[in-house]
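Chains as they are written, first to last, in the numbering used here: chain Y, 949 to 1290; chain U, 4 to 254.
Any given hint might turn out to be false.
DSBU-like cross-link-like pairs, simulated, lysine-lysine; straight-line CA separation at most 30 Å [stated by the list, open to error]:
hint, chain 1, residue 1, chain 2, residue 2
1, Y, Lys997, Y, Lys1118
2, U, Lys197, U, Lys212
3, U, Lys139, U, Lys188
4, Y, Lys1078, Y, Lys1269
5, Y, Lys970, U, Lys139
6, Y, Lys968, U, Lys139
7, U, Lys212, U, Lys188
8, Y, Lys1078, U, Lys18
9, Y, Lys1269, U, Lys139
10, Y, Lys1078, U, Lys55
11, U, Lys197, U, Lys139
12, U, Lys18, U, Lys55
13, U, Lys197, U, Lys55
Read the hints as simulated data drawn from the structure, not as lab findings.
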Amino acid sequence: MTELQAERGGDLSAPPIDVKSKRLRYIDLLIAIAAFAVLASLPFLFSSKALLDFVIRCAAFGLFATSLNLLVGYTGMISFGHGMFFGLGAYGFGLIMQRTGVPVPVAFLGTLVLTAVVATAIGAICVRLKEIYFAFVTLAFQMLIHSIILSWVSLTGGDQGLRGGIPRPKFLGIDPTNHIHLYIMSCALLVIGLLLMRQIAQSPFGYTLRMIRDNASRASFIGIDVWRAKLTIFVLSSLFASTGGIIMCLFVSGAYPEFAYWTISGEGIFINLLGGVTTFLGPMVGTVLLLTLNDTVTRLTEHYGIVLGIVILFFAIGLRKGLMDFAVEWYEARRGDKERAP
Amino acid sequence: MLEVQNLCKSFGGVKAADDITLNFTDGSLTAVIGPNGAGKSTFFNLITGALKPDSGRILLDGVDMVGRSPPDIARHGIGRAFQVASIFPSLTVHETMLAAVGADQRRAGILHRRFPLAETRDRAEYAMELLGLANKRNRTAATLSHGDQKLLDIALALVLDPQLLLLDEPTAGMGTEERWRMIDKVRELWEREKISVVFIEHDMDIVFKIAPEIVVLCYGRILATGTPDAIRQNPAVIEAYLGTDHHAEAI
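So that you can see chain Y by itself, here it is in the shape it has in the complex:
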């Protein structure tokens, strides 16, 4: 084939990809606005305070779990210590508010800066490691941060946590002590956070991450600095985990060592198992699933661990995938059937 033909063939068959990708971006934005509208209207439709509390917790854990999926699902870095950034967000924000009395947005940004610094330092050590070593060393750093929180009693209150309430002054007309205001703010943070993470996942950088997940060595031979890309996503995802922690801190008006304990990382992994890591919204579905399970099972039985264990075994061994993965495959299979049918 001559070069001329090659060019012509390209023009005929290639979709106008720049137009297409722009359109997809608007679709994401529309979905986000619609989701926010639905969430924001809930307090006016239902008077249940428990429902709003549930959504706020979903926002905190959803941001945390989705940010973990940027590492696990998109980059293939299985972190067992991602919960440290959740705890760091809660403690960082709580401490800044208690000690300095700055406005909420300043404390929010300050916490993100603090998280970024810590994540860069820890990431610089961890991301060079492969698979199981990466998992264990991130876990070790989590335990380190947890024991610092426990032992630095004068700053963190030790095993009692940050007590006495977190001051939550009004800002920009928002009153975080008002339940509905706090609820709307959490929803806004969730939607904006998800939208930003979606952009990361669908950006050229997001595809660089997929290449690293698939074949890191090949990626380096086409000129990709694997270490730098891994560190970048490690830090970026820590920021969203930290935002989840900040929401949690505002919600309970405190911070407790459990927020930085390894079980939080474990829950993040469970959520990703339940929801699935091959779709962007999988972890969000997993979050709703796990929190619902949590609430119903603890009400019915004290053997919470056994029930949760069975559910996770069912997903891991029975389905061998998360709920969203399963749903997507089912939908595609059905669509395939329809197309084949005359």
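Put chain U on the given structure of chain Y with help from the hints.
Frame of chain Y; chain U shown alone:
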């Protein structure tokens, strides 16, 4: 353009590269042959930065590549394909090409725009056409046939617009007919792209037929270099490598 000077590399007591000095000129097509364990793949790994030489220099247009990282060397214009096709299994052919072009254009870190970038389209298209993968663009790489995976691997090296293309056994694991198709493709690429190509090959028929230059490696040393005719008549080569009954026919 690529000068390798006194390159040495040992693994324990084994010398995988023993004082290798070679010169690949602009636009050359060179075959590297040698028995198993001769250090052929090690030689490629040294040039591309996957291994660090114990001593020696590797000059690409006069710039020393020794001590640089693989991505850095790739960006200097040395592309490689692997003996076992090294691809991104979960990406489609089209995505693979677009992402690789993006990486070459130093756009792999862009966060504020959507994949794929419009400016990567033409080169990706060109590379797919060149290797006959355009009609399989929407196939996931893992589902491609063995031969197409090898082609995709080569396409990945080619979209970087390399000055030097290193192909580690492009015909590995292929049947006779497929081998010839692949090697014709390699020759076509070399002629069209006007780049230097170095390839490792086991099949003597192929080597003697298409490579104007041959390098014979044995136990990490260069046994001989030269044209097919010179290699055929080289007594050291005949004794060490070609002297078996099987290969006598080829000569």
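Against the structure, the hints:
no.: 1; hint: Y/Lys997 / Y/Lys1118; verdict: holds (21 Å)
no.: 2; hint: U/Lys197 / U/Lys212; verdict: holds (19 Å)
no.: 3; hint: U/Lys139 / U/Lys188; verdict: holds (17 Å)
no.: 4; hint: Y/Lys1078 / Y/Lys1269; verdict: holds (23 Å)
no.: 5; hint: Y/Lys970 / U/Lys139; verdict: holds (25 Å)
no.: 6; hint: Y/Lys968 / U/Lys139; verdict: holds (20 Å)
no.: 7; hint: U/Lys212 / U/Lys188; verdict: holds (14 Å)
no.: 8; hint: Y/Lys1078 / U/Lys18; verdict: holds (29 Å)
no.: 9; hint: Y/Lys1269 / U/Lys139; verdict: holds (28 Å)
no.: 10; hint: Y/Lys1078 / U/Lys55; verdict: holds (20 Å)
no.: 11; hint: U/Lys197 / U/Lys139; verdict: holds (26 Å)
no.: 12; hint: U/Lys18 / U/Lys55; verdict: holds (14 Å)
no.: 13; hint: U/Lys197 / U/Lys55; verdict: holds (29 Å)
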